[in-house]
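Start from the sequences and build out the full structure, keeping to the hints where you can.
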Amino acid sequence: MGGIVYYASLDNDDLSSATIQMGEVELVDVNSIENRATLKVSFLVKNNGDVTVTVPVITFDLFADGSSIGNGTYSTEDVAMPGRAAFYPDAEIPLTTRMTITMSEMNEGVYNKIVSGQPIQYSATGMMTVESAWSIVELDFDTNS
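Residue numbers (our numbering): 1137 to 1281.
Hints are computed from structural coordinates only; laboratory data are not their basis.
Keep in mind that this is a model prediction, so the values were computed, not measured.
Just so you know, not all the hints are guaranteed correct.
Think about it this way: if two alpha-carbon atoms lie no more than 25 Å apart in a straight line, the pair counts; the simulated SDA-like pairs of lysine to any residue are [unchecked claim]:
1) 1182 to 1221
2) 1249 to 1170
3) 1249 to 1203
4) 1176 to 1150
5) 1182 to 1172
6) 1249 to 1164
7) 1249 to 1259
8) 1182 to 1216
9) 1182 to 1162
10) 1182 to 1258
11) 1176 to 1159
12) 1176 to 1197
13) 1176 to 1149
14) 1182 to 1271
15) 1176 to 1220
16) 1176 to 1271
17) 1182 to 1257
18) 1182 to 1279
19) 1176 to 1165
20) 1182 to 1150
21) 1249 to 1236
22) 1176 to 1209
23) 1176 to 1276
24) 1249 to 1208
25) 1249 to 1182
26) 1176 to 1162
Across the chosen pairs, the derived CB separations fall in these ranges [stated by the list, open to error]:
27) 1233 to 1278: 24 to 30 Å
28) 1255 to 1227: 27 to 33 Å
29) 1230 to 1149: 21 to 27 Å
30) 1270 to 1221: 15 to 21 Å
31) 1238 to 1182: 30 to 36 Å
32) 1222 to 1254: 17 to 23 Å
33) 1241 to 1152: 39 to 45 Å
34) 1152 to 1220: 14 to 20 Å
35) 1224 to 1165: 33 to 39 Å
36) 1170 to 1212: 27 to 33 Å
37) 1278 to 1160: 14 to 20 Å
By construction, the Cβ of each residue, glycine as well, lies at the ideal position given by its N, Cα and C atoms.
The following block contains the structure:
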């Protein structure tokens, strides 16, 4: 049994070398009655290791011009590993999800900039899960650094 655990841990360095960058954030829909907006959020994930990996989960807090506007999740946990996007060595793939933000007193200025189409600097912090057939790691990330 110990040999299996040891063998599985050999992938950990490759899994830990995966990187994530902020991609595009696109305004998809605005509900001006309920003061809600739907955003399409993309992350560019790169596999810098030597083994093929998948990314089943990305949980993140999204920031617009330095202000937190909400949190979101990209998830393919309900999809079997062979059905997920395969990150071959040196592959970079955009992963996209949607999230809804709501205007509040704290983010009213930023919310109005988003829904009016003004330029915004987006960033995110969070955690990305990377797995191979034998191993899984959770990596914290900050797209500002």
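Taking the hints in turn, this is what the structure says about them:
{"no.": "1", "hint": "1182 to 1221", "in the structure": "12 Å, holds"}
{"no.": "2", "hint": "1249 to 1170", "in the structure": "17 Å, holds"}
{"no.": "3", "hint": "1249 to 1203", "in the structure": "12 Å, holds"}
{"no.": "4", "hint": "1176 to 1150", "in the structure": "29 Å, violated"}
{"no.": "5", "hint": "1182 to 1172", "in the structure": "32 Å, violated"}
{"no.": "6", "hint": "1249 to 1164", "in the structure": "14 Å, holds"}
{"no.": "7", "hint": "1249 to 1259", "in the structure": "16 Å, holds"}
{"no.": "8", "hint": "1182 to 1216", "in the structure": "21 Å, holds"}
{"no.": "9", "hint": "1182 to 1162", "in the structure": "21 Å, holds"}
{"no.": "10", "hint": "1182 to 1258", "in the structure": "19 Å, holds"}
{"no.": "11", "hint": "1176 to 1159", "in the structure": "10 Å, holds"}
{"no.": "12", "hint": "1176 to 1197", "in the structure": "14 Å, holds"}
{"no.": "13", "hint": "1176 to 1149", "in the structure": "31 Å, violated"}
{"no.": "14", "hint": "1182 to 1271", "in the structure": "18 Å, holds"}
{"no.": "15", "hint": "1176 to 1220", "in the structure": "19 Å, holds"}
{"no.": "16", "hint": "1176 to 1271", "in the structure": "30 Å, violated"}
{"no.": "17", "hint": "1182 to 1257", "in the structure": "22 Å, holds"}
{"no.": "18", "hint": "1182 to 1279", "in the structure": "13 Å, holds"}
{"no.": "19", "hint": "1176 to 1165", "in the structure": "9 Å, holds"}
{"no.": "20", "hint": "1182 to 1150", "in the structure": "12 Å, holds"}
{"no.": "21", "hint": "1249 to 1236", "in the structure": "15 Å, holds"}
{"no.": "22", "hint": "1176 to 1209", "in the structure": "12 Å, holds"}
{"no.": "23", "hint": "1176 to 1276", "in the structure": "21 Å, holds"}
{"no.": "24", "hint": "1249 to 1208", "in the structure": "20 Å, holds"}
{"no.": "25", "hint": "1249 to 1182", "in the structure": "31 Å, violated"}
{"no.": "26", "hint": "1176 to 1162", "in the structure": "5 Å, holds"}
{"no.": "27", "hint": "1233 to 1278: 24 to 30 Å", "in the structure": "18 Å, violated"}
{"no.": "28", "hint": "1255 to 1227: 27 to 33 Å", "in the structure": "30 Å, holds"}
{"no.": "29", "hint": "1230 to 1149: 21 to 27 Å", "in the structure": "25 Å, holds"}
{"no.": "30", "hint": "1270 to 1221: 15 to 21 Å", "in the structure": "19 Å, holds"}
{"no.": "31", "hint": "1238 to 1182: 30 to 36 Å", "in the structure": "32 Å, holds"}
{"no.": "32", "hint": "1222 to 1254: 17 to 23 Å", "in the structure": "38 Å, violated"}
{"no.": "33", "hint": "1241 to 1152: 39 to 45 Å", "in the structure": "40 Å, holds"}
{"no.": "34", "hint": "1152 to 1220: 14 to 20 Å", "in the structure": "19 Å, holds"}
{"no.": "35", "hint": "1224 to 1165: 33 to 39 Å", "in the structure": "34 Å, holds"}
{"no.": "36", "hint": "1170 to 1212: 27 to 33 Å", "in the structure": "29 Å, holds"}
{"no.": "37", "hint": "1278 to 1160: 14 to 20 Å", "in the structure": "18 Å, holds"}
Checked against the numbered hints above, the structure breaks hints 4, 5, 13, 16, 25, 27, 32 and satisfies the rest.
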